[in-house]
Each structure stands twice: as C-alpha cells, then as structure tokens.
Amino acid sequence: MRFHTLAIPDARDLVFGHAPHPVTTRRGLVLGAGTVYPELNFTLPPMQVCRETLPDVKAHYHQIVSEALRRARDLHAPGLVLEFETLLEMTMTPSIGVELVELMNGLCEEAYQKHGFRSEIRLTPNDSRDFDRPPRMRSSSHLDAMFELFERGAAAGGDLLSIESTGGKEVHDDALLMCDIKGVTFALAVLGVRDMRFLWARIVEVARRTGRIAGGDTACGFGNTAMVLAEKGFIPKVFAALVRVISVVRTLVAVEEGATGPDKDCGYEGPYLKAIAGIPISMEGKTAACAHGSPVGNVAAACADLWSNESVQNVKLLGGFAPTVYLEQLEYDTRFLNAAIRDGRSTVLKVQQLQVESDVHLDPQALVLAPQNVVAIAGEMVKARTYVEAARRGALRALDLIEAAIGEEALLCSEQEQGWLPRLREELNAIPDEESAFVEQMLPALDLTKTIPAEYGL
Amino acid sequence: MRFHTLAIPDARDLVFGHAPHPVTTRRGLVLGAGTVYPELNFTLPPMQVCRETLPDVKAHYHQIVSEALRRARDLHAPGLVLEFETLLEMTMTPSIGVELVELMNGLCEEAYQKHGFRSEIRLTPNDSRDFDRPPRMRSSSHLDAMFELFERGAAAGGDLLSIESTGGKEVHDDALLMCDIKGVTFALAVLGVRDMRFLWARIVEVARRTGRIAGGDTACGFGNTAMVLAEKGFIPKVFAALVRVISVVRTLVAVEEGATGPDKDCGYEGPYLKAIAGIPISMEGKTAACAHGSPVGNVAAACADLWSNESVQNVKLLGGFAPTVYLEQLEYDTRFLNAAIRDGRSTVLKVQQLQVESDVHLDPQALVLAPQNVVAIAGEMVKARTYVEAARRGALRALDLIEAAIGEEALLCSEQEQGWLPRLREELNAIPDEESAFVEQMLPALDLTKTIPAEYGL
Amino acid sequence: MTEPNDLLDRLSTAVELGKTNQAAPYPPRLRGQPGADELCREAIAAGLAPQEILGQGLITGMSRIGERFSQGKAFVPEMLLAARAMSAAMVHLKPFFASGQVRRRGVFVIGTVAGDLHDIGKNIVAMMVEGAGWEVVDLGVDVKADRFLAEIERHPSCVLGMSALLTTTMVNMEKMVGEIRGRDAERPIFVGGAPVNAEFCRKIGATFYAPDPQGVVERLAKLAA
Amino acid sequence: MTEPNDLLDRLSTAVELGKTNQAAPYPPRLRGQPGADELCREAIAAGLAPQEILGQGLITGMSRIGERFSQGKAFVPEMLLAARAMSAAMVHLKPFFASGQVRRRGVFVIGTVAGDLHDIGKNIVAMMVEGAGWEVVDLGVDVKADRFLAEIERHPSCVLGMSALLTTTMVNMEKMVGEIRGRDAERPIFVGGAPVNAEFCRKIGATFYAPDPQGVVERLAKLAA
Ligand code: B12
Ligand code: B12
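If you're matching them up, the sequences are chains A, B, C and D in order.
Start counting the first sequence at 1; every next residue gets the next number (this note's numbering).
Start counting the second sequence at 1; every next residue gets the next number (this note's numbering).
Start counting the third sequence at 1; every next residue gets the next number (this note's numbering).
Start counting the fourth sequence at 1; every next residue gets the next number (this note's numbering).
Any given hint could turn out to be false.
Calculated lysine to any residue pairs in the SDA-like style (CA-CA distance at most 20 Å, straight line) [stated by the list, open to error]:
1) Lys203(D) to Ala384(B)
2) Lys232(A) to Tyr26(D)
3) Lys182(B) to Leu362(B)
4) Lys203(D) to Gln48(B)
5) Lys232(A) to Ala145(D)
6) Lys175(C) to Phe200(C)
7) Lys232(B) to Ala194(C)
8) Lys114(B) to Ile96(B)
9) Lys232(B) to Asn197(C)
10) Lys222(D) to Arg105(D)
11) Lys114(B) to Lys73(D)
12) Lys175(C) to Ala59(B)
13) Lys203(D) to Ala59(B)
14) Lys232(B) to Asp74(A)
15) Lys450(A) to Arg136(A)
16) Lys73(D) to Thr13(D)
17) Lys144(C) to Cys50(B)
Keep in mind the hints are simulated off the structure, nothing from the lab.
Note that this is a predicted model, so its numbers are computed, not measured.
Bound conformation, chain A alone (with noise of 0.2 Å):
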C-alpha cells in the first residue's frame, strides 16, 4: 500500500463537488471544484457490431451524442461527460472504436467551437483479455488490440481513458458464489492488485504520451457482480458489502501508478478513493436503474463529483431516445446538487444527511457508503502495510459497522444473512498480513486449468 494517510480524514469534507486534487480536462470541465456535472452512459440496441453495419452504428452514436448535446444546452447544463463504453468488436477491431470517438469528438468539439458548450469523452474499452480461458493476463494477445484503441482512441478525442479491468476475476467468480471471503480477498488483493499494477502502468504511459487523462478503473466485474447476485437473493448482502469494501485496495491501485481520476462508476469504490487520494470520483445510483437496480440509490451521490447512469441503450421511449431522456433526469439530480452547493457547506451537508438517511438503514451495502463509514473504514485500510491487511482490516472494520447498526436496530439484516456474520469475521481473521503467507496457503487449492499465476507474476 502506498497510502499511509487519508486526503480526507474528516467525513464532513467528504462531500459531492469537491475534491482535494481537481481534474480540468481538454475543454476546461473541472471536475471537483465545486460542480457536480452528469455523465451519460450509452450503448447500441440489440443489434451486431461489424464492417457492414457500421454505418448504422455511427448513425445511431451520431443521434445519441448529437440529441444529448442540444438537449444538455437546452437545460443549460455546465457541462458533460459521454462515456463510450465500448462493445466487444470495438476493442477487437480498434479501427471501429477509433472511428466512433473521432465521430463523437467532432460533435463535442462543434458544440464547444459554437456554443462554448463543455463536454468530454471518457474511452472505456473492453478488457478483451477476458477471451483467453483460462485468461493470460500479461501475455494475451489481446493487449495489443486494447492498447491501441487506447492509444488512437485517446489522440481521437478520448480524454478520459478507464477500463473495468478482470484481473483475477476468474477466482473471483467462483469464491462470489461460494461466498469464500478468503477467495474473495486473494481474487482481489493478490491477482486484482497485481494485474491492476501491470495494466495501469501502460495506461498512463498512454495517457501522458497522449496529453490525455488517466481517470480511472472500477471493480465493476467484482462489486457489481456481487450487488447483482445479492438483489436477486442469491448471496448474502453483508457478503457483497465486504466484497465493495475490499474491492478498493485493488482500484486504489490505478491511482497509486498515476491516474488522477474521475474514476469509473460502477464498483463503487468512488468515495474510498477520494477518502483516501483525494480524486474527483463518477458514482452511478438511482439514475441508474437503467442499467441495474440497486440498494443505494440516493447514498452514492453522498461525494460524487459525476453523476452517472451506467448505460442505457439507444431505444425509444415516449419522450424521446432514452438516451437522451437520462440526460435530462442526470442533469436535474445534478442541478439539485449545485443548488445546494451554492447554498454553503451546512446546506451541502444537510443534503448528504438526507441521502445518507433515505438508505443506510435498509441495506450493508448503503452502510459501507456512509461517508462517516468510509472514512472510518478507509482509516483502517490506510494503516496497512500489505494490500492483503488492508482489505483485512477494511472489511473487519465494515463488519463491526454492520453488526454495531443490527445491534442499534438501524440496520434491516435477516435472521438468514445475520447467520453469516460469524463465519465471514473468521474466515477475514485467518487471512496473514503477508502477501507471500497468504500465496502459500491459497496456491494449493487454486483451479490451475481455470488461472495461471505466473500471469500474475506468481
């Protein structure tokens, strides 16, 4: 861990719109200085991404960013951020992606030349390294692909570059659904950590080869899962608080290499890193339900500084492209949010409170994003030494949050999921601090035809 004290060590700075270290990005959007702004997420229909439909591909992109665009001005929006997240054939193909952000960046660029209206792109491609079973990390083939939409993509007009990086997620996986905290923990603070150096090292090399910004990653394929399977009843919601709370030694990574934020929405780990490094963070809840329904809806907007709604597809709806729909609800949460800044801190802080409030009661998973909660939890990860003891203590830490709430009755917790409480704080308590120690007692029971540790430097 290179983190030894936290940017925020008071819960009342940790606020939505500002951030220690703000981002001001190509087109002068500064993000964590005191503006909340709305970040749109969008995707194709069902439809199939190749050579011959790609003219329908652009006409639908051109629709989606042109309509946002006029519409965002319409509202008088101070800015936006598009997150292209890219399908699959566009990272396999970079040409295509390539081409997409070239399309998209004219548009922004038109409206910025004409109407000296903000707004920027945030380049998620796929981690296509996903493909190998079992995956090659650090020797897959795909690299190449991924790295090149990253590097023309980015000199396209792509200035945010993210990614929702697997590694480890392999034995993530199958310890989720086993509920295996310990599994869990060495998905995340040994592989995760490990790919995460590799892979995040080159991303912002890219970024300053480029001028670009290197935003961030986001467990998405670890927290998100686990919020997913625990809102269709499948694991425990204690069990996918503590998965959230680990994830955030493995993303904290990205910033450790040099990625300055905003990080990606979707895992959550938002408020820890800007806790902790003091980035500007994208959080995604309720004006995501587009994409996934979730137990934090109002909490997550607790310190964001973008307001996200994960992806939405290009369909009609009544009032319009759905796209373009989202927008309008992005930018009136947001709205609300820079009304209350402008209102002052206590105003601010009241806001927070009532966010907090509405949903830290009904679920572990709106607890561990309390910002008194995460500082507090953050506190705890930062006096390790390994990314094993952090995730350790951080989730011991979010345990006792847990089991402190049920015991106040300020937590609703079933008698089933109370069950697990227990056997989740021994299995956290026998993981070593030692990285090496917890290798050695995990190494035998890997599944080698599923993972290869040498991918991982093992």
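Chains B, C and D with the ligands: place on chain A using the hints.
Just chains B, C and D with the ligands now, with coordinates in the frame of chain A:
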C-alpha cells in the same frame, strides 16, 4: 368561482407530503399526511388493442404490475399508486378496460393480503368525446362507454377516478398556435369550466355510488401541449406559463363539484389546487422525462404528495422492463423527500428552496410553480367573482412576477420572448370580467364548423 | 405605380411579416400600409408574370420566415400569420392556376392516421408545406387508408403524409401504408409524429421520415426538382 | 447397519445441508458424522436399488434445498455445497449408469453464446438442473453453433440451453438457433439471460424462455415426464 379564500395562505405551509385535507384510500394509503408516495403510470409498447390481442395485452399489464409491486416491496416503499391511463380501445370497449382493472386489482389485493403492502389503482379513462368532429361535449354517443368504464372500472377496483377532459380544446388548439391569449382564456375559463361542471358532477356521482374517490382532472391537453410546443421553440415560454396559470380555473371546477384529490399529474395545476382547496396533489417532473422533457424537473416536486412518471411503455431496458426501472427511480426520489419530512419543517423548507432555486431562474414556467408565486397568483384568483376574471387576474399577476424577475435579472428570457410581454398584457386587459360580455365578444369570431356553443350550454 | 421589382419585394416582406391586408393591426410598423392582398392585386395589375409573383413574391416571403423559424428566431404564430397573408394573396392567383399558367410544386395530402386525434404537429407540417408552394389537402384526423386512395385518384402525382402520436395508432399507420403499397408501390409516403422514427419508417415500407417540418419541406423540394 | 429408509433420509439430509463427506467442516451440527460420500457407499453396500438411492437420496435432498432457495430462504453457496455433496455420492453410482440400471432424466447441454463471456447465471442454471437429476454438459462461454450440434450427435435426445447477457450477442443467439433449427427443427432449445425475454424467444424460434433456474427445472420435468 366558489373558492374565495386560500386553504394555504402562507407559502411556507405549501410543502411536499402535507395537505390540509388528506385523503385515505381503501387499502389505507394516506395521501397528504406526511408521506410522499410514488405514482407509476405505464402503457403498452407499440401494439394493437382488440379482442384477439387481449391475452397479450393482459400478459403485459400482469407483468408490469406484478414486477412493480415486487420491486416496490424489495425497496421498502411506504406504498404505491398505479395509474392505469387507458388507451382508446379500452374506453370504446369498456369491458376491455374493466377486465384490465380487475386483473391489476387482484395483484394489488394479493400484495396487501400476503405482505401488507398498500397499493391503489388510479383509473383514467379516455375523453373519447373528442372523437366527434366537431366535438359534442354533452350529447356525444361516446359518453355512455366512458361512464360505463368509470362505473364498472371503479367497482372492479379503480379507486382513484380521473380523466384528462378536453372541453374547449377545439378552440384552444388554434388559440395556442396563434398565441392568442384571449382565445386561450375563452377556451379554458368559459368552455372548459362549463364542460368540467357537466362532466365532474357525474364523475363525483359515480365515485359516491361506488364508494370510490373522485381524484381530479388535469389540463394535459392544454397546459402540457403548451409546454411541449414551448420546449420545441414553437411558442414563447412566457405564453406557455400563462396557459398553465389560466388552466387552473378550469381544473378547480372538479374540486368545486366534489373531487377530493389527488388530482392528476400532467397539467401541473396541482400546486394551485392545493393552495386554494387544500387537496393532496400528484405531480410529475424530472422522472417523467420518459414521457416528455420539461423545464420544471425539480420545482414540480415542491409541494407534491404523489410523484409520477407521467407514462412509460413496457419496453425492455438493460436493467429490466421500463415500468420497474421507473418505479425504482420514483421510489428513491420520494425516499429522499420523506427523509426530509422526518428531519423536520426547516429541512423540508430548505429542500424546497433548492428545488425552486434549481429551476426558477431558467424558465418562466418554473417561476409560476414556485410556492411563493403560486400563493401570490392563487391569492389574486380567489378575489375574482367569475372564472374569466380569475383567469385574467391570475395571468396578469403571473405576468407581473415574470417581468419583475426579468428586471432583477433573476429570470432568463430571450429578447424575442420579451417582445411578446406587452402584447399579452394588452390582450389580457381587454378581457371583460363578466362571462356574458366575454362570450358576446368572442362568439362572432368562433369557427362554428369546429365548435358547437350549445354543447357548452351557450 | 411602384417599380415591379420593388413591388415583389414589398409583397414578400408583407407575407414574411404576416401583413395580410391594409386593415391588419400587426406588425405595428406596417400599420395602415397595403398588405399581401393589395400588393398581389397591384402586381397582377402591373402585368407581372403570375409564376414570378408566386415565386419571388409569396414563396420567397414564406421561406424567409421559415428560415428564421428553423433557427429558433421566430415562433409558430408568426409562421401562421405569414401563411394567412400568403393565402390572402393566393386568392388572386387562383384563375392562373386553373388556366395552368401557374403551377404549384405539387400536391401534398396529409392526415393523422385512423384512431389518432393528435393534429397540432400535422397542422404545422401542412402549413409549412403550403408555405413552400405546395397545394396541401388536409384530411384531418382519424383518417383511414381509403380516403388517401381517393385523393390519389383526384391527384395522380400527389405525395402522401401520415402522422401518428400513439404507439397503438402506429400499428394502424403500418397497416395503412401496407394497404396503399399493395395498390401503389411507387407512391411517395412521408411519415412522422413523436413516436415514429427512421427505423419504423423503413420497417413499414414508407418512403421518408422527418422529425420536423423543415425536413419535410427540404425532401419535397428534392422530389419536385 | 442403519435401517434402509433411515439411511436414505440421512443421505438426502447430508446432500441438502452440503455435508460432502466425514471431513467436511460444514454444517457445524454434522461435524464428524458421515457425509453423502460415505452414506451413499453404505446404501449401495446395503443392497438398496441404485435408482432409489438416486431418487429418494440425492434428488430429494437437492429439491429440498432448491425449494428453500426459490423461497429466498437459502443462498447459492448452500446450493453449491449441496451440489458438491451430490456429485461426491454420484461417483459411486457411475457404474450403474454405465450398465443402464440407473438412468438420468436426460441430458442438458448448456453454454453462453458466441462472443459472450458472462457465465455466472449459466453456471447457476447448470448446477440447479444437475441437482434435479439431469446429466449436464457445460460447454462454457463464447460457444458457437457447431459445438451444440456436435453434442446432439453424442446425445441424440439432449435438450439445449443458451445464455446471452449482451444485446450484441443476443443477435448471435438468434443466428445459432436458426442454424440448429435448420438441421433439427424439433430440438428443444431453452434460452435465457438478463436481456432475453419470452417475445425474443418466440421471435428467434427457440422452445422456452425462463427468467430463473426454477423455471428451467420445472419445464424440463414436464419434458421428461
Ligand atoms: C397535445 C397532446 C394531446 C392532445 C392532442 C391535441 C391535438 N389537437 O393534437 C389531447 C389532449 C387530445 C391528447 C389526447 C390523448 N393523448 Co396525447 N399527447 C399530447 C402531447 C402532450 C403533445 C403532442 C403534440 O402536440 N406535440 C407537439 C407537436 C408539434 O409535435 P408532433 O405531434 O410530434 O409533431 C412534430 C413532428 O412529429 C413532425 N410531424 C408531425 N406529423 C408529421 C407527419 C409527417 C408526414 C412528417 C414527415 C412529420 C410530422 O413535425 C411536427 C412539428 O415539429 C403528447 C406528448 C408527447 N410526448 O408528444 C401526448 C401523447 C402523444 N398522448 C398520449 C396519450 C396516452 C393520449 C390519450 C390516449 C390520453 C388519454 N388517456 O385520453 C389521448 C388519445 C386521443 C387519441 N385517440 O388520439 C401519450 C401517448 C402514449 C402512447 N401509448 O403512445 C403521449 C405521448 C403523452 C404521454 N407521454 O403519455 N393528447
Ligand atoms: C457480472 C457482469 C460482467 C462480468 C461477467 C462475469 C461472469 N463470469 O459472468 C464481466 C466483468 C466479465 C462483464 C463483462 C462485460 N460486460 Co457485463 N455485466 C455483468 C452484470 C453486472 C451482471 C451479470 C450477472 O452475472 N448477473 C447475475 C446472473 C445470476 O443473472 P443472469 O446472468 O441474468 O442469469 C439468470 C437468468 O438470466 C437466468 N439464465 C441465465 N442463463 C440462462 C440460460 C437459460 C437457457 C435459461 C432458461 C435461463 C438462464 O437464470 C440466471 C439465474 O437467475 C451485468 C448487469 C446486468 N444488468 O445483468 C453486466 C452487463 C451484462 N455487462 C455489460 C457489458 C457492456 C459488459 C462489457 C461489454 C463491459 C465492457 N465494456 O468491457 C463486458 C463484455 C464481456 C463479454 N464479451 O461478454 C452490460 C450489457 C450492455 C449491453 N449492451 O448488452 C451489462 C447489462 C451491464 C450494463 N448495464 O452495462 N460483465
């Protein structure tokens, strides 16, 4: 005019979640007594509605309502109003509408008996009188089918009776496109008022006979049409703001005839009805972008008791079917408001101030929805003896507020829009107080191929 | 008698500013001056070619206000006033249409489809197309296929326009286009209305979709060229 | 030696509670007692009919935990532990399968379609179907049509299951069903995954859609009945 005082004379009492005369529904939802509830309005995807497709139609509504009820319970919602806004075929063949109400009521009853979850159906038949050209408001053959649906639908479990009545629309449509404020006032304050009297006396009668609730009307075809045209830049926003204010006198007549609220969402007259008559109201704002954009996304919630999405089709989004997605968004919006209510009066007023601040400087249509302006304008209206005078006084008071705000540089208003202000004031001042004098002035210019005065008792 | 060119300029300005006739109160700065009605009569009396009066006088005036409208600099009421001024002048050109000396760009038959009563959008499109020099036959609302087919009999080279605002009536639009295509595969059929889009237009075999009146006017100009 | 019926009860409870073998630490209350592995061997040794051991012992245990799971009273890890306990016991029944003395309810071939790597949902479905007494062939992720066709060769009466989580790969699912239907019109093909629904299932000519594993198990039971 039968109201001569304001039920809420002090703007600080015109707040969300509280109404002087709360309404309790059959399954125990208490509207306007300290809790804001979500109101989900849903409709079919593009498909034919007839006997043959009835099984498909029923499958859609079954899936919509059962999923929405399940998600509402997962999210611990305090309760839910389901608005069934019928499509034309369901009013022209009442038995189709009734069968669908029965189906939905069965699901609401099951959720109530099995889980104690309170939900109620708002039944909004079509005003199919509009089908006759020119429309025969009092002698239309369509009235029978409309009232058969009201009667049998109410008995089948349609507890909140509503309708978007179109009396005077044939005059209003042209007046709207010509920005003829006198024509608008005649259509709403003379024709509209008279038709509302005729229609709502009978709807209140049905409610009394079936033991259901006469909810209320909404000038969707007038106020919302004006807003949609203003959003497209077809008519001035200042004009649309005045149409909104004038439509209050017509919708108020439902209450005069015995409607107890909650009125219907889509005309935005709600805050005025609440200030004048003290009834609980349903409003739509940012989370109705699925139906149409609007400049009042946040301020619309300032004194809402029910928060609605106007209407969304049963189409698939990534996160699930659109009605369930919008139920989640409405629930998180209302959760935040209810957290504010629990925190006390000063917090409610602070949240309301931010809702107003976020919209009120950007569009005159938002300005006239700010509680302090609602009370000022409604206060003028109740001074009037006749509906024509009330409409004129209200519109002129709104014009004063708009001009004052522009003067204080507290309202964005283009040169082009400001050019219309003197003309509107001049035309409003030319409207006599007495209905008979106004009718005399307007009848000669009426296009008798489009409207039949006798159908309004003239 | 004023200079011919100057006369056409004053006519197009009268149309653009919606000055129907001498008595019209708006716009204030032309109060009391001759309007489109009088100026058109003067132009005919001055022996100007009717096709020129229609082209340089009326259509130029409408396209100027149409341009300002599509830039968001003019509202629909100003368009409607201009359309009224134009029709006041057109009354005097009627005989020349009958004699064929003056031809309209074509006939545009528009209506809101069966089951649908929404006509505000359809009326704006009708008004803009008329302003661009087309003869417009407005069939109103709740229009079934047979009435479109009847118009095709009367105007063999007409273009059809259908509007739908309800997801349910979009299905009727599909059926109506199918019915007409069955009898008239080449007939240009324009479709529009809030829920309609390009993909739906393609799917139901219609010719052209536009989200706004300007798109209709531009495409009709190409057709007539 | 314990009573035969009592033996099958203890076996089904061991499977239900995920007690794989004597050494397994969970559940605490069965710590140190014989698990599904040992109890199954005992049942065979006691001469109980293999079909009965499979039916009353293993499948009953799985259906009890499956029931609790669908009521939201048990989580997936408990299901997985039960599935592991069942496979530990099944090892001893293998010879009886080979000899045909014991038959599985059928063969279910499942995979995530071409281009799609999402397999968490697919794995849960595979596990539940296996627990209901079906032989499951799991083809993994990014599976093309030819591999399904190859399995049909090997298992003539198998049922196919396809999973897709991406709107783009739904299109591949459609193509694959088309390809298989071309050669095998009657083959039951189940489809599922978050973006898939009944209408899409009908549209692409698949046999059955279910939003969750219980739906799959119920429909397979009808098929095998
Ligand atoms: C005004 C209005 C009404 C008015 C209509 C007044 C009138 N004379 O038209 C009244 C009150 C009568 C009405 C009634 C109903 N309405 Co209504 N209405 C609207 C509203 C608010 C605005 C429509 C409008 O005028 N838009 C402004 C015009 C300028 O835009 P436009 O029509 O799209 O036209 C533009 C373009 O489309 C294009 N265009 C238009 N026509 C054509 C044609 C061609 C060929 C081309 C190329 C282009 C083109 O150019 C136009 C100008 O730019 C819409 C909301 C919305 N989101 O659209 C609901 C809406 C259409 N109605 C709706 C509903 C449900 C109804 C009712 C069933 C309500 C009820 N329960 O009774 C009834 C049905 C009556 C019927 N059988 O038709 C729903 C439809 C939902 C669905 N399932 O499809 C909507 C979407 C509202 C909502 N979100 O719920 N409605
Ligand atoms: C986990 C996850 C991932 C993980 C997958 C891990 C894994 N091993 O499966 C990872 C991180 C790898 C991933 C990657 C990507 N993902 Co992803 N992912 C998800 C997520 C969050 C949850 C999916 C899940 O596991 N659900 C839980 C399981 C239990 O549910 P299920 O799969 O639906 O299965 C149930 C039912 O469907 C049914 N069922 C399932 N299969 C079958 C089969 C049959 C026959 C039957 C009858 C029933 C049935 O029973 C199951 C149990 O109840 C979804 C969000 C969502 N809304 O679903 C996004 C999501 C599917 N992913 C998405 C995207 C965009 C991607 C990426 C392209 C991201 C990127 N830019 O790189 C890549 C693509 C990789 C690829 N080529 O497949 C989008 C899809 C958008 C679109 N356009 O379609 C989603 C919807 C997220 C979002 N809203 O943006 N993803």
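Here is what the structure says about each hint:
1. A hinted pair counts as satisfied when its Cα atoms are at most 20 Å apart, and Lys203(D) with Ala384(B) does not qualify at roughly 61 Å.
2. For a cut-off of 20 Å, the pair hint linking Lys232(A) to Tyr26(D) is broken: about 24 Å separates their Cα positions.
3. With a CA separation close to 26 Å, the supplied pair Lys182(B) and Leu362(B) exceeds the 20 Å bound.
4. With a CA separation close to 18 Å, the supplied pair Lys203(D) and Gln48(B) stays within the 20 Å bound.
5. Our distance criterion of 20 Å between C-alpha atoms is broken by Lys232(A) and Ala145(D), whose separation comes to about 30 Å.
6. Pair hint Lys175(C) plus Phe200(C) holds up; C-alpha atoms about 13 Å apart against a cutoff of 20 Å.
7. Annotation: proposed proximity of Lys232(B) to Ala194(C) holds, straight-line Cα distance about 12 Å (limit 20 Å).
8. Under the criterion of a C-alpha separation no larger than 20 Å, the hint pairing Lys114(B) with Ile96(B) is inconsistent with the structure, at around 27 Å.
9. A distance of roughly 17 Å separates the Cα atoms of Lys232(B) and Asn197(C); the hinted pair therefore holds under the 20 Å criterion.
10. Proposed proximity of Lys222(D) and Arg105(D) is supported: the alpha carbons are some 11 Å apart, at most 20 Å.
11. At most 20 Å may separate the alpha-carbon atoms for a hinted pair to count; Lys114(B) and Lys73(D) meet this at roughly 17 Å.
12. Simply put, Lys175(C) and Ala59(B) have alpha-carbon atoms about 24 Å apart, too far for the 20 Å limit, and the pair is violated.
13. Using a Cα cut-off of 20 Å, the hinted pair Lys203(D) and Ala59(B) holds, with the two alpha carbons roughly 17 Å apart.
14. Pair hint Lys232(B) plus Asp74(A) holds up; C-alpha atoms about 10 Å apart against a cutoff of 20 Å.
15. At roughly 10 Å between alpha-carbon atoms, Lys450(A) and Arg136(A) fall within 20 Å of each other, so this suggested pair holds.
16. This hinted pair checks out: Lys73(D) and Thr13(D) have alpha carbons roughly 16 Å apart, not beyond 20 Å.
17. For a cut-off of 20 Å, the pair hint linking Lys144(C) to Cys50(B) stands: about 17 Å separates their Cα positions.
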